[in-house]
Every structure is written in C-alpha cells, then in structure tokens.
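Chemist: Protein chains in written order, with UniProt numbering: chain A, 1 to 911; chain B, 1 to 434; chain C, 1 to 163.
No lab work stands behind these hints, which were simulated from the structure alone. All C-beta atoms, glycine included, are put in the ideal place defined by N, C-alpha and C. Treat the hints loosely; a few may be bogus.
Per the computed footprint, the stretches of chain B lying under chain C, defined by three or more beta-carbons under 8 Å from a beta-carbon of chain C, are [unchecked claim]:
| no. | stretch |
| --- | --- |
| 1 | 166 to 172 |
| 2 | 315 to 329 |
Across the chosen pairs, the derived CB separations fall in these ranges [as the list claims (entries may be wrong)]:
| no. | chain 1 | residue 1 | chain 2 | residue 2 | range |
| --- | --- | --- | --- | --- | --- |
| 3 | A | K132 | B | D303 | 43 to 49 Å |
| 4 | B | M17 | A | N149 | 55 to 61 Å |
| 5 | C | L6 | A | R136 | 50 to 56 Å |
| 6 | B | G161 | A | N149 | 56 to 62 Å |
| 7 | A | P12 | C | L17 | 53 to 59 Å |
No farther apart than 30 Å at their CA atoms in a straight line, the calculated lysine-lysine pairs in the DSS-like style are these [claimed, not checked]:
| no. | chain 1 | residue 1 | chain 2 | residue 2 |
| --- | --- | --- | --- | --- |
| 8 | A | K408 | B | K197 |
| 9 | A | K60 | B | K197 |
| 10 | B | K74 | A | K408 |
| 11 | B | K313 | A | K60 |
| 12 | A | K334 | A | K308 |
| 13 | B | K313 | B | K411 |
| 14 | A | K60 | A | K408 |
| 15 | B | K411 | A | K60 |
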Amino acid sequence: MTTIRIDGRDWPTRSDINLLQACLEAGANLPYFCWHPELGSVGACRQCAIKQFSGPEDRKGRIVMACMTPVSENAIISIDDPEARDFRASVIEWMMVNHPYDCPVCEEGGECHLQDMTVMTGHNTRRYRFTKRTHRNQDLGPFVKHEMNRCIACYRCVRFYRDYAGGDDLAAFASHDNVYFGRAEDGTLQNAFSGNLVEICPTGVFTDKPFSAVYTRKWDMRGAPSVCVHCAVGCNTIVNAREETLRRVLNRYNTDINRYVLCDRGRFGHGFVNAPTRIRTPLRIIDGQQVPVPTADALTAFAHMATKGRVVGIASSRAALETCFSLWALVGAKHFSTGQTRQEQECAELAHALLTRHPGALPTLHEMESADAVLVLGEDVCATAPRLGLSLHQSVRQASFHTADNAKVPRWMDAAVRTLGSECPSTLHILTPAPTDLDSVAAETFHAAPDDIARLGFAIAHEIDPSAPPVTDLTPDDAARVARLAQTLMAARKPLIVSGMQYGSRALMQATSSIAAALARTTPAAGLSLVLPECNSMGLAMMGGLSLETVMEQARAGEIFTLIVVENDLTRHLDPADVADLVATVPNIVVIDHTMTPLCQHASLVLPIAAFSECNGTLVNQEGRAQRFFQAVFPPAPIQAGWRWIQTLARGLDPSTLPVTGLIGWGSLDAVLAALATAFPGLAPAAMAAPGGDYRINGEKLRSQTYRASGRTVIRSFVSVRDQPPPASPDTPFSSSMEGAYEPDMPGALVSFYQTPAWNSVQALNRFQFEIGGPLRGGPSGICLLSPAENKNTQARPYTYTTDIPPPYVPQANVVLVLPDTRLFGSEELSMFSPPIMERSSAPTLGLPANTATSDRMMLHLEDGPHVLPVKPVPGLPADTALCPAHMVARAFRFPRMARLEDFPGEGERT
Amino acid sequence: MTAASERPLTAMIDPAMGPPDCATYERAGGWQAARLALGSLTPAEIIDRVTRSKLRGRGGAGFGTGQKWNFVPKEPASERRKYLIANADEMEPGTFKDRWLLEGNPLQLVEGMILAAYAVQAAHGIVFLRGEYQEACVRLHRAIGEARQQGWLGENILGSGFSFDIHVHSSAGRYICGEETALLTALEGRRATPRSKPPFPQTGGLWGAPSVVNNVETLCNLPHIIVNGPEWFAGLGLGEDGGTKIYGVSGRVAKPGAWELPIGTPLRQIIEDHAGGMRSGYQLRALLPGGASTAFIDTTALDVAMDYGSVEKAGSRLGTGMAIILDDRTCPIGMIRNLEHFFAQESCGWCTPCRDGLPWVERLLDAIEDGTGQDEDMEQLDRHARMLGAPGRTFCAHAPGAMAPLASGLKLFAADFTAHIQQGRCPHHAGAGP
Amino acid sequence: MPIADLSLPAPLRTEILALAAQELHPRGASVAALRLVQARFGWISTAHLREVANLLGMSADDLDGVATYFNLLFRRPVGRHVIMLCDSVSCWIMGREPLCAHLCRKLGIRPGETTADNTITLLPTVCIGHCDHAPAMLVDATLHGDVTTESLDHLIDTLRNTP
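Using the sequences plus the hints, can you model the full thing?
Modeler: Written out as structure tokens, the structure is:
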C-alpha cells in the first residue's frame with residue numbers, strides 16, 4: 001500500500017495498480033473507455049487523462065493517461081485540473097464526431113458507458129459540422145447485433161475476443177478514422193464467448209440479438225441475481241424481466257468464478273423459458289389424450305394414484321437442491337432416485353469423494369488463471385465447462401507475467417506484457433481423446449483412448465510419488481511423455497490437474513486425483529478440478545439416492561405404481577427400450593417440469609414447474625459451492641417452484657404416510673433449507689448461500705428495479721388502470737419493484753443490477769468492489785461446502801491411491817470405440833430449447849480419424865438402431881475410435897461403448 | 001574512405017556508375033571498418049566510439065546512437081536472439097535522402113549494419129524498406145547477396161565467431177511504420193500500430209526480443225566513424241553535433257536536390273548556395289526545415305544552423321533535414337491542408353485524438369480553402385493545435401508532428417486565414433499552378 | 001471464371017511457405033506473401049486472401065485486418081497498369097493538382113477508379129521520395145519525375161499500347 005494525493009486529498013492505494021484504478025477505487029469519477037479490469041491498459045482512447053505533478057513545488061504538471069501510469073509513492077495528481085478536463089472533453093468530442101445521435105433508438109441507451117462518460121465530461125453540443133463516416137453492418141449470427149456506425153474505436157472488442165478469449169474471426173480492419181471492427185465477411189461469430197462483446201463494448205456496436213426481439217430499457221426491467229443452469233461451473237448471472245417475462249441474462253460478477261465473462265451457452269441458453277415447448281398448465285391423459293386440466297383436477301388425480309401403491313421419486317441434477325430435497329421428503333430415502341444412471345451417479349459421487357479427500361487445493365476458476373502448469377486429462381472443458389476452459393486459457397499467460405515482472409513492466413500493461421511474452425512457452429498440457437479448442441494454446445497435446453490417458457495419468461502420479469502404484473508396459477514414447485509431464489508439474493509452484501466425467505471414466509478421474517495428490521505432498525497448492533455435467537450434479541451427489549438401473553429393476557418387478565419425475569428427461573439417460581419398459585410397467589408417470597421433453601408424452605400427469613428465472617433455489621456447483629438463484633419473474637399460477645408443487649401434492653395425501661412430517665408446513669424457502677440441514681448435515685451450509693427471506697437493509701427489502709422504472713400501471717392498463725400491488729415472495733428479501741434499499745455494499749449474493757450515480761452501464765460494477773477486480777464489497781456470493789483444509793494433515797493420514805489401473809485399450813475387430821463428441825451447442829439439454837442456441841448448433845457428424853473414412857456418410861449401429869451420419873475427419877483422433885455427438889444422435893447415449901460402423905449403402909467409394 | 005572524406009556518406013555514390021560492387025567498394029575503402037571491428041574491437045569499444053562521435057539518429061528524433069545501443073542486454077549474439085533493424089521506411093513528405101544512400105551505395109548500409117549488429121551482438125538483421133522503393137529493393141538485394149557470397153554476411157564472419165545476416169522486408173506503405181515500435185509490429189505481420197514503452201525495443205522489441213532500430217543514414221555513418229575515429233567524426237560538424245548530414249530542398253527553388261554537408265550548415269547556405277535560391281518570379285515565404293512534421297519557420301530564421309539544437313531554438317525541428325519551401329505564390333493554407341490530409345490519412349487509427357482529430361482539422365482546412373470557412377473554425381483549429389500538439393496526449397508522435405506545421409502556420413499565416421474566411425475564397429486560387 | 005477465383009499456383013504456394021518458414025512465426029511473412037500474390041494477380045482477392053491465411057496459419061479475418069491496413073495492398077481489382085500520382089506536399093506545390101485533373105479528364109475516371117477498358121487505375125500516393133523532381137509518380141514499378149501534361153499524354157498512349 002502507498003498513498004497518493006488526488007486533487008489535494010490523500011488516498012491510501014495499492015501500489016501495483018495504475019492511476020486510473022486508483023482514482024476509481026478512491027471513488028473519483030474519471031472517465032475511460034479502452035481500459036477494462038480484465039483486459040488491462042493499452043492507452044488507446046486517451047480518455048482518462050489527468051495531470052501529474054512531479055512534486056509539491058510543481059505547479060504546471062503534465063498530462064498523463066491515468067491507465068498507463070503506475071501508482072508511485074506519494075504521486076500528486078489532479079483530475080479536476082482545467083487542462084486535463086479540457087482535454088478529456090475534447091476526447092469525448094472526437095469520439096462523438098462520427099457517433100450517431102441515435103440514443104433514443106439504440107439498445108444500449110440507458111446503460112451505455114459512452115452516454116455516462118459523455119455526461120461526465122460535460123460534452124453536450126456538437127461543433128463538428130461536417131459529414132460523418134458511415135459503415136456497413138454485418139450479420140454476426142444469432143447472438144450479436146452489429147451497428148458499426150456507433151463505434152468509437154476503443155479496440156476493446158478485438159482485445160477481448162482475440163487476446164482474451166482466443167477467437168480469431170473478429171478483427172480490426174482498415175485504418176485512420178475508417179477503422180472497422182467485424183469479420184472479414186458476414187457470418188456467425190465462432191468464439192464461445194462472443195456474447196460478452198455486448199458487455200465489453202462501451203456503446204451500442206455489439207448488442208444482444210435475442211434481447212433485441214423483446215427489447216426493453218434497463219431501467220424498466222426487474223433484475224434478480226441468478227446462477228447459470230447450463231453447466232456445473234455455476235457462473236453468476238443477472239436475469240432481467242419485464243411484464244413477467246424473462247428478457248435477457250447478463251453477467252454477474254463473482255470474483256471466484258466467472259468474474260466478468262459468461263459463455264454464450266450461459267448467456268443465450270435461457271430461451272427455453274419462453275419457448276413454445278414451455279409447459280404452462282397441468283396436463284392429464286383423458287381418453288388417451290393429454291389435455292390441459294385445472295390444478296384441482298390434477299391434484300385429485302395424483303391423490304388417487306398415490307393411494308394405490310408405491311410412489312418413487314426421480315430427481316434431477318438440473319433441479320434445485322430444494323426441489324430434490326422436497327421430493328426426497330415426499331417419497332422417502334428408500335424411494336428416492338437421483339435420476340442418473342449408475343455410471344453417471346458413480347462418477348459424480350466419485351468426484352465428490354476425490355475432491356473431499358484431496359490433500360491439496362481446490363482452486364476456484366480465478367485461481368486456475370494463475371496456475372503455472374496445467375494438465376487436462378480427458379475432458380474437453382471448452383464444451384463441458386466453457387468458462388473453466390477460458391480460465392485455463394488465461395493460465396497460459398503466467399510465463400509472460402513472470403517475464404514482465406522481471407522487466408519491471410506492470411502486469412496490467414496489457415500490450416507490453418503480450419509483446420514481452422510473445423516467446424514465452426505455454427504451461428498448458430492436454431491429454432484428451434479428441435482435439436479441443438484449447439489445443440491451439442497448449443504446450444503439448446496428446447490424443448489417446450480414455451483408458452490409455454488414465455494409464456498415463458497413473459504413471460505420472462507414480463513418477464511424482466513412487467508410493468503411488470506403477471503402470472506397467474508403457475511404450476518408450478509414453479514413458480518419456482510421463483517423465484516430461486511429471487517433471488513439468490513438479491517444477492510448478494501452482495500446478496493444476498483437471499478432468500471430468502465427459503467420458504464417464506472413473507479411471508480418468510482417479511488418475512487425475514492421484515496426480516494432484518502426489519503433487520500435493522510437496523506442493524500444497526497443487527490443485528484438483530473435476531468437471532461435472534449439470535448445474536446441480538454435485539448437490540445431488542451429496543444427497544445420494546437410487547440409480548435409474550435400480551428404479552428400472554423395481555419397475556420391472558412391478559413394485560412401482562407411481563413415478564414422480566422432477567425436471568428430468570429420462571430419455572437422455574435411458575435407452576428407448578428401457579423407457580418403453582418403464583412406461584409399460586409403471587401405471588402412472590407424473591412429470592414435473594417446465595419444458596415438454598420427450599418424456600412428457602409418456603406421462604399420465606404433467607405439472608408445470610417454475611423455471612430458474614421464476615423461482616428461488618440453491619444449486620451446488622462442481623467445486624461444491626452452494627449458490628442461490630432468485631426469481632425475476634412471478635409466474636402466473638399454476639406455475640410454481642418445484643418444492644411448492646411437491647408440497648401441494650403432499651397436502652393431498654395422508655400426512656401419516658409422509659417420511660418427513662414438516663413438508664406440508666414449509667412456508668418459505670428458508671424452511672425447506674432448515675429441514676434440508678437436518679436431513680443432510682453436509683448440505684446444511686447451503687442455507688447460508690445467500691441471506692434468507694427475512695434479510696433487510698435498514699428495515700427495508702431490497703429493490704429489484706432501478707428508481708427510474710416506469711409504466712407500472714400502464715402495462716396492464718388494458719385490463720385496469722388501478723395500481724396493483726407489486727407481487728411478492730416470502731422466499732426472498734427482494735421487493736419486486738423499485739421500492740426498497742439498494743447500495744453498493746449490499747450482500748454479494750443479492751446484487752440484482754449494477755447502477756450507481758453517474759454509472760448506468762455494467763461498468764458501475766467497479767463501485768461494488770473495494771479493489772477493482774477483487775471481492776464484492778458486500779462479501780462473497782455463495783458458500784463452499786467442500787473444504788480441502790481438513791485434508792492438509794497429510795502426515796497423519798497418507799493418501800490412499802487407487803490401484804485400479806485399467807489395461808491398455810485394445811481395438812477390437814469390426815467395431816469402433818464410440819466416444820462422446822460433447823458440443824458447446826447441442827449437447828446440453830435446456831439450451832437446446834433456446835432458439836438462438838438451436839440455430840447455432842450444427843448438425844450431428846461422425847468424427848473419424850483423418851484418412852480412415854471410406855465414404856462421406858457412414859452408418860453407426862447403436863443400441864437404438866442404425867444412424868447414418870456425415871463423416872467429419874478429425875486429425876489426431878486415435879485409431880479405431882469414433883466421435884459421436886452426445887445426446888444428438890441417440891438421445892440417450894452412454895459412453896464409452898463399442899459399435900459397428902459400416903459404409904452407408906448406396907454411397908460411392910470416396911475418390 | 002582511406003583519406004577521410006568531408007562527405008563520407010556519398011563520396012562513393014556515382015549515379016553514372018551505379019552502386020559499387022563489393023570489389024569497387026573495397027577498393028574505395030569499404031570493409032575496413034568491418035574488418036577492424038570484427039578483428040580487433042569489442043562490442044563495447046564500438047559503442048564507446050559511436051557514443052564519443054556524437055552521432056545522433058538521422059531519422060528525425062535525434063537520439064544519441066551509442067546511447068540507444070547501451071540499453072541492449074549485453075549477452076553475445078549466440079546466446080540471445082536479438083535484432084538489428086535498418087529503418088528504410090522513408091515516408092516523411094519532402095524527404096528523399098535515404099533513397100539516395102540505398103540506391104547509391106547499399107554496401108555501405110550493409111557494412112554499417114554489420115558494425116551495429118556486432119556492437120549490440122544481434123545475429124538477425126532486417127532492412128525495413130518502404131514498398132515504393134522498388135529500385136532500392138533490387139539494389140539492396142543484389143548488395144546483400146554479394147556480401148553474403150563474399151563472406152561479409154552469414155555464419156562466423158571473417159572467422160570472428162560472429163554470425164549475422166540481413167533480410168529485406170518490403171513494406172506495403174504506411175507512414176507510421178517509420179515509428180520504430182510500429183515498425184516492429186509491422187514486422188510481426190500485424191496491423192502496424194505503435195507500442196507503448198516500456199518495454200523499449202532495445203529490451204523487448206521484435207517478437208519480444210531485444211531490437212535496435214536505426215535510420216539508414218545513421219547506419220551509413222558507422223563505417224566512417226570506426227575507420228576514422230570518433231574525434232574526426234565529431235569534428236566534421238559545425239556546431240554541437242558530429243558528422244555530416246544529408247540536407248535537401250524541394251519546392252520552387254532553382255535546383256531542388258540533396259547534398260551531404262557538415263551538420264550545422266546554415267539553412268540560408270543550403271537554400272542559396274546548393275539549391276540555387278528561388279526560381280525566378282518566386283519569393284521564399286516560409287519553409288518546413290526537416291520534413292512535413294516540422295514547424296514552419298519564416299525568412300527571419302534563415303540563418304539558423306541546421307543542427308538539432310539550433311533548429312529547435314528557432315521554433316522548429318531538424319527532422320530529416322529535408323526542407324520544403326513555401327513560395328509567395330502558393331497558398332499556405334492549401335499547403336497546410338495538403339499536409340493535414342496526409343497526416344489524417346496516415347493515422348493508424350489507434351488513439352482517439354489522432355484518429356478523429358486530424359480528419360476534423362483536414363475538413364476545417366478544406367472548408368477554409370474552399371471558401372466555406374467560418375470564424376469559429378479558427379477556434380477549432382486552435383483547439384486542435386493545442387490539444388494534439390503537446391506530447392503525451394496522443395499515443396505516439398504522429399499527431400504532435402501533424403500539429404507542428406498547423407500550429408506554426410496559424411501564427412505565421414493568420415492574415416491568410418482571415419482573408420480566406422472573410423472573402424469566402426482562396427485569394428491564391430485553388431492550389432498553385434506552374 | 002475470373003483469374004482471382006482460381007487457387008494459387010503451386011509454385012506461389014511453395015514460395016509463400018518458404019517465406020513463412022524464414023520467419024520466427026509464419027505471420028511475419030504476411031505482408032510479403034500478400035505482395036507476392038498481388039505481384040502475380042494485380043490484386044488480392046478474398047479467395048486468395050483465404051488461401052494465404054491458411055498457409056500462414058492465420059484466420060482470414062486476421063490477415064484481412066493486415067491487408068486492409070496497408071496502402072499498397074489492393075483488395076479490389078486494378079487495371080493492367082497502376083498510376084500512383086504523388087499527392088504529398090512537394091508535388092502539390094509543384095502542381096500535381098492540375099496534372100491530376102488532366103489525367104482524370106483524359107482517362108475519364110476519378111482517382112481511385114479504373115478505366116472502362118481495364119487498362120489504367122489511377123491512385124493517389126503519399127510522398128515517393130522523388131521530391132527534387134516533383135511532381136512525381138510511380139507507374140507500376142517505374143518512378144517518373146518532373147511530370148508535365150505532355151509527358152503524361154505520352155505515357156498514357158504508351159501504356160494503352162503495352163499489355
């Protein structure tokens with residue numbers, strides 16, 4: 001820490017930051033554009049000019065760019081200096097030379113950083129009297145709209161897209177005042193993080209295309225802190241709603257996880273909520289037809305079913321903890337299934353066990369960014385946990401940071417650090433069956449069958465810690481690779497080993513944890529990270545329950561009379577034959593879901609559940625972090641939260657039959673969580689993921705709209721002009737309107753939008769942090785349920801390595817090893833109900849090792865029959881393996897499996 | 001070169017003969033310096049000699065060459081990748097000195113580069129040549145090829161253990177590439193925008209490696225400094241600075257051209273003695289002493305010595321030392337408009353003031369020159385001259401360079417501006433005809 | 001099929017790969033490679049740009065960002081001959097404006113355009129370092145100084161008659 005003087009007042013400040021950050025952290029209103037907390041400084045826009053004085057005697061001073069000037073001991077600076085003010089006003093005026101005055105029709109209006117900065121500098125009259133330059137806009141695909149005339153050329157877009165996110169299809173073109181930011185030709189932006197351009201762009205060049213179709217001003221929307229449901233990383237989001245419809249998803253800063261960036265699946269996957277596939281009323285089969293029925297009718301029907309025989313509940317790893325737990329409370333532990341196959345469940349539970357046992361660190365995504373050696377074992381994180389992949393992508397910069405440190409160049413001096421680091425070796429090593437998007441920044445990639453990768457992993461662990469079991473019969477090449485990787489990992493101060501359950505391989509995860517544990521003996525910071533498939537996979541693993549196989553056995557034995565399936569499309573887990581069996585053997589299938597999944601057609605009763613944007617609940621991400629999501633929408637009855645549906649069902653039953661007696665009396669989410677804590681002590685802290693429904697600031701609820709929100713009465717004036725009381729929920733501390741408390745230091749879990757005086761764009765976030773890029777003023781959002789700290793005492797309890805090392809993969813005649821081609825867009829369930837994601841997903845292909853395909857289309861024989869697929873050559877894919885898109889060919893697809901592959905009849909030989 | 005010439009840079013240039021080949025070059029005293037340096041001098045000794053010679057960069061900025069080299073990490077060339085780059089991106093309007101050296105005696109540049117590379121222990125040499133210099137490109141390639149064949153380039157030169165080779169990079173036309181950091185960015189196959197310092201090129205330049213960028217004329221001086229000694233070189237200058245300088249004059253003078261003269265030669269002498277004074281019927285009104293990005297000086301300053309310090313005292317810069325003459329029948333506003341058009345077009349588009357300020361200036365001047373100027377336009381021109389002129393406000397020196405002729409012109413030609421706006425036309429008529 | 005849609009001839013591809021191999025990173029050869037393509041085809045078509053990008057391991061977007069940055073790289077077709085008339089200060093003083101007007105009249109085009117018979121493209125260029133012989137111009141690779149309307153007329157006639 002040091003002290004600097006800003007306009008005559010002394011401020012304590014960090015010494016490793018630049019003057020712009022220091023000024024902002026001191027609460028000053030200093031305008032800027034090109035600087036971004038995550039992208040660093042490049043000095044392009046020249047907006048943050050201030051005066052710096054060489055000492056107390058210096059009256060003249062000199063203009064410097066605050067973002068390019070490091071904080072120095074006792075620096076004396078002035079923001080108010082007239083010359084600096086003049087210059088900043090000029091800079092804005094230059095930016096506005098070509099900027100259209102289209103704020104009234106611009107979708108950035110009201111949350112535009114350029115608007116804020118223009119007001120901040122006082123520029124309000126156009127003096128440029130000549131023609132403005134104009135540009136042609138491009139069609140950039142289903143996610144992002146492009147309006148280049150608004151561009152102020154801050155270069156943030158290309159710096160984010162190319163330098164930060166690793167994209168290569170967005171560039172700066174031409175020169176002087178004709179610079180253009182776009183693609184060489186119209187077309188869909190290919191990077192998985194393209195949607196962030198919407199927030200990175202300080203004005204309206206890049207805007208949210210799906211939002212545009214249902215556009216409404218920021219100030220008119222209700223915001224709610226939420227958690228992404230499209231993978232297990234648990235990125236924090238803000239959901240925005242108006243007129244009780246979800247409009248968009250924005251990034252919500254969580255210093256440990258997503259920070260400033262969401263993946264496109266997370267940002268645009270929410271479309272399932274408003275899709276035509278949405279279930280809005282109970283449905284019941286009457287005379288062989290599924291028809292909408294009143295809720296009372298549905299409840300009566302259920303009560304009738306429940307008295308007839310055993311009720312088994314099937315939960316889901318995409319359902320909230322409260323929903324799963326209420327189902328558990330309704331059916332009892334013995335009749336509660338996790339809704340996963342044995343393989344999935346074992347993998348998820350293994351992940352939990354391995355993380356709990358790990359003697360080293362369980363790094364957050366942010367901590368992963370500073371890992372100085374990363375080994376990924378058999379997981380395409382770019383597809384299964386995209387945001388985690390982006391953090392690994394950042395980790396390759398560590399060497400350049402060290403070079404910069406040696407050259408005394410601050411790490412935030414972005415362009416300079418990249419110049420210095422241009423020859424720094426990557427520290428990322430990838431061993432996967434198929435190529436991944438991270439390969440391009442990896443020091444080394446190696447492709448092999450999952451078992452062979454696991455063997456390499458076990459061998460690395462043995463190389464690091466000889467007490468770990470050895471792997472026999474390694475080829476000399478593999479032995480050399482093992483020695484090299486072990487050496488690299490042992491030399492690192494902060495190594496990280498990553499795997500996951502994409503390939504359904506326990507061995508892969510065990511090998512991964514063995515390496516991490518071996519490293520942790522000497523390097524306590526050795527990190528382990530395991531990717532899970534769904535947003536609450538970990539929460540469910542911590543609850544446990546029957547596997548689907550067990551449920552199938554019971555069903556086939558005729559033991560199940562009613563099956564309640566909550567937010568789970570069993571067709572994604574069970575082969576069609578199993579589903580048919582289930583339908584045939586279970587008289588009543590009750591599906592509680594928000595979306596008409598293929599399973600629903602088999603249901604005798606369907607109940608409409610609230611989607612994540614319409615209710616409140618808790619999810620446990622793959623690192624064991626419990627996080628609360630809140631509702632932005634108050635859905636019309638009968639749509640309600642999962643636990644309320646189950647409670648409603650329970651109320652129709654004989655209370656004495658209920659395993660958990662309190663179920664009927666739960667009055668709020670907090671009551672559910674209290675009961676959960678009793679039943680599952682390991683999950684007890686989940687109650688503290690966010691303040692409870694009774695939390696108040698100065699006696700007030702927290703508002704979820706800006707004080708400018710308009711049209712409260714007008715919106716429903718076609719019904720009545722009377723002011724209606726805003727909807728309310730006992731589950732949250734929020735008021736659903738603009739009334740209530742709101743301040744930058746309110747709890748981090750309860751930030752529903754970012755706005756502070758003079759800062760209406762997402763950049764207002766700076767005001768919610770003491771240190772820019774650091775934790776939120778109001779404390780962390782969410783709470784960690786796993787604590788590796790308990791395992792630190794390694795002397796006392798030596799780590800028990802698994803000895804279950806698989807044999808090498810041996811290709812078999814006439815069949816190929818089919819591996820899942822997990823896709824960013826296409827494999828995940830809910831996002832595929834979202835129109836823009838559907839548009840973005842590409843048709844299924846069959847990936848085969850390059851030069852092995854004998855025709856352009858081939859037939860793959862899976863359990864559910866033959867599938868004819870176009871062949872896509874995949875360079876580097878191991879011999880005798882095939883890549884088949886997960887859930888896109890056979891809907892339920894379990895991996896790995898052997899399958900027969902043959903030429904598609906009628907297709908000519910490849911020429 | 002054996003007998004120390006008073007015009008060492010150009011002594012060997014004979015347009016009738018074409019550039020000397022290796023043998024001719026050697027007969028005329030070439031390769032002595034390289035032989036001496038690689039044979040018996042340490043890199044430190046060369047840096048010391050060049051520092052003592054008072055040689056300053058001839059590209060326009062005038063930074064001490066020896067001083068510049070001193071920042072380069074000292075590891076031997078074999079241990080660390082380093083680059084020595086000749087800046088032959090001569091694009092300053094009104095400047096044609098490097099072309100003379102490149103076309104006239106490319107081997108002199110090659111030898112200069114060997115010396116510089118040896119001094120900073122760089123194994124990789126690059127000539128960054130502007131794309132339009134096609135004849136220079138051909139001759140340079142020929143010279144490098146010959147030098148390589150004769151063992152002056154390549155592995156283990158003269159058995160010294162020092163290896164060095166030169167690659168010619170033909171650019172594709174962007175003024176900003178003359179700025180040394182933008183030049184490095186261009187060499188990396190990127191959009192040539194300047195870089196921030198630190199890192200300075202000497203420590204983190206091309207592909208992050210230590211790199212020295214020297215102007216062609218600067219490098220061409222080196223063989224002579226090494227052979228004849230720093231004191232001889234320092235003594236060539238008439239004032240503070242050492243050596244000779246190539247001066248030139250363009251515009252309506254009797255004999256436009258370029259001449260190698262002692263540095264510090266008075267401007268009047270250059271114009272009157274060497275350029276033959278003004279063409280008949282034309283009077284000298286003002287001039288840019290060192291290229292488009294230097295401030296106008298008028299006839300009252302004609303006796304200024306053309307060295308770095310003196311020209312600065314006279315309110316301008318030595319720049320490239322190539323003067324552009326404004327005569328009395330050419331519209332000064334038209335001339336400034338032409339200059340600002342150039343600077344606006346050649347702005348790389350990286351920083352706001354330069355990218356969006358210069359086109360505004362250009363349009364204001366267009367309006368004034370075309371007769372649609374307004375009184376407020378003068379305030380806007382003044383504001384731009386003020387806001388863009390001071391260093392540190394824009395990312396690089398492009399915009400301050402652009403403002404030099406404007407700011408000085410606003411003072412010097414105030415009456416012309418007023419006349420244009422009041423009369424609603426250019427009193428000189430548009431442009432200037434022969 | 002226009003020539004620019006054809007893929008690059010094999011020797012040219014080889015030459016580009018060789019250039020790339022000389023560089024520490026292939027992208028260092030981007031300007032040189034694009035100049036080679038332009039020397040062969042007169043300009044750089046999108047198809048060719050893509051191919052070069054591929055050879056250099058860059059995205060087309062990335063390479064086009066470079067291509068569109070430089071003045072001498074043509075991303076649109078030009079005529080058989082390109083006249084680059086200097087428009088910088090010394091040449092302006094020495095009367096390049098009337099010369100340009102003369103050329104435009106004679107060719108029936110404006111600066112930046114190509115004659116209908118595809119013979120000549122007229123482009124302005126920044127100072128070409130021939131200021132002592134202003135006004136100056138580059139015609140293809142040849143430097144011309146002390147240009148007059150008469151010498152221009154003569155030149156145009158010659159160009160029209162040379163392939």
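Chemist: Each hint should be assessed against the structure and marked as holding or not.
Modeler: Here is what the structure says about each hint:
no.	hint	verdict
1	166 to 172	holds (count 5)
2	315 to 329	holds (count 5)
3	A:K132 / B:D303: 43 to 49 Å	holds (47 Å)
4	B:M17 / A:N149: 55 to 61 Å	holds (58 Å)
5	C:L6 / A:R136: 50 to 56 Å	violated (27 Å)
6	B:G161 / A:N149: 56 to 62 Å	holds (60 Å)
7	A:P12 / C:L17: 53 to 59 Å	holds (57 Å)
8	A:K408 / B:K197	holds (12 Å)
9	A:K60 / B:K197	holds (24 Å)
10	B:K74 / A:K408	holds (18 Å)
11	B:K313 / A:K60	holds (22 Å)
12	A:K334 / A:K308	holds (18 Å)
13	B:K313 / B:K411	holds (17 Å)
14	A:K60 / A:K408	holds (28 Å)
15	B:K411 / A:K60	holds (24 Å)
Checked against the numbered hints listed earlier, the structure breaks hint 5 alone; every other hint is satisfied.
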